Structure formats: C-alpha cells, structure tokens
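Student: Sequence:
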Amino acid sequence: MRFAFIIFIFFFALGSLQAQEPFIRSIELEYQKAIFDPARGLALKANHAWKITDKGVLQSGLLLNGLSAPGSSPGTSGTVDEFVGSCRLQAHTGYERLIFGSERLYGIAEAFMGARMSIVSGSLDQPSQEFNREFSATTLQWDFGTRLGLSYMISSKVGLQFTLTNSWRQVNNPLGLPPGFFFWGPDVLALVGVGASYRL
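Terminal number for the sequence shown in the working numbering: 187, no gaps in between.
If you're looking for bench data, these hints aren't it; they were derived computationally from the structure.
Small disclaimer: the values here were computed from a predicted structure and weren't measured.
Do not take every clue at face value.
[To be verified] Straight-line Cα separation of at most 30 Å, DSS-like style, residue types lysine-lysine; simulated pairs: (1) Lys144 <-> Lys20; (2) Lys38 <-> Lys144; (3) Lys144 <-> Lys42.
Please put together the full structure from these sequences, using the hints given.
Tutor: Structure representation (structure tokens):
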C-alpha cells in the first residue's frame, strides 16, 4: 500500500509539470451523512487534472473527511453512552464527464484507496448494580472503494454536487453484497454527500 501511494504522488507531481492548468484545478467541500447509520461530518477534496477535453476531465485528488456519531441507548439494566468517530484520507482517480448533452451537468465516477482511523469511546452505567465501566478503542485500517455523483455548474467557477461514496472493504461479507456495501456497522461503508466545488 505504501508503494501505491509513492507511485500516486510521483505521477501526481509529473502531471503537474506537464499540464497548463494549475496544480490544483478544483476544490470540493461536502456535508456527508452515512446510510443506515447516524454518523455525519464534512469532507474536503482537492483535485488535479491530468487531461481536459470538451467532454470531461480525467483527474486525481486527495480527500480528507471526519465523521462522528455521538449518542446513548438505554439498556435493560443501564445506559450506554457512546461516541463513534472516524477520519479518512483517500487518494481518488476518476473521470468527470458532461452527460445528457448538457453544458453544465457532469457525471462523476472515481475509484479510491486510502486509510481510515476509527475511534470508539463511552461508558456503560448500571446504577442498580452500582456498576460503571468506561471503554475506548482506536483502529487504523486500509480502505478502498468507489465514488459516484452528479455535479451541476451554476457558473464557470462554482458547482453544486451530490455524491455517493461506497467502501468495498466489507464486500465479501458473509451476509451478502447489500450489507457489505451499505450497512455493516460500525464501519460506515456508504456516505451520501451534498456540497459545492470551486474551480481555481
């Protein structure tokens, strides 16, 4: 995985020397909400264009997001207060193309790989048994998947977009493909994003 990141950075830098466009062509900011999970947060993505045509753009980018899902749930003999958070760094490569004959509506299709850090902390409180226990865990895992979306340019610089990001790290889930794609918690596998893009 480290080798893949080194190769990505090398070609990223090489392309920037050859391109007439700025090194960073566009920046995206999204509000993201998990599907079948209360987690929500923000994502920031910077894109570099490899090739620009009349129909679309071949690009790569780096995305950083943070999600959190605080909450509590009453049990039969106590209450669980829990915080679940995650931070992800992903390298994306894909294509943004005009669709339906429009001059403003783009389809987005990307693949990504990266890493995610997950944090779980909280407490179990059972007053009837005079028992209280705190717990905390942090994990770092590799991640890969796809990102699909629609982007509408309201001006030459600013666009509005809707995206669906799916992690494939649980795609071989024994319960089948739908759980592995969307709701095998607490991994937060699928995210819906609504945001804006700005072209530099």
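Student: The structure should be examined with respect to each hint, and the outcome stated for every one.
Tutor: Now for the hints, and whether the structure bears them out:
1. Lys144 <-> Lys20: holds, 26 Å
2. Lys38 <-> Lys144: holds, 18 Å
3. Lys144 <-> Lys42: Holds, because 17 Å separates the two Cα atoms, which is no more than 30 Å.
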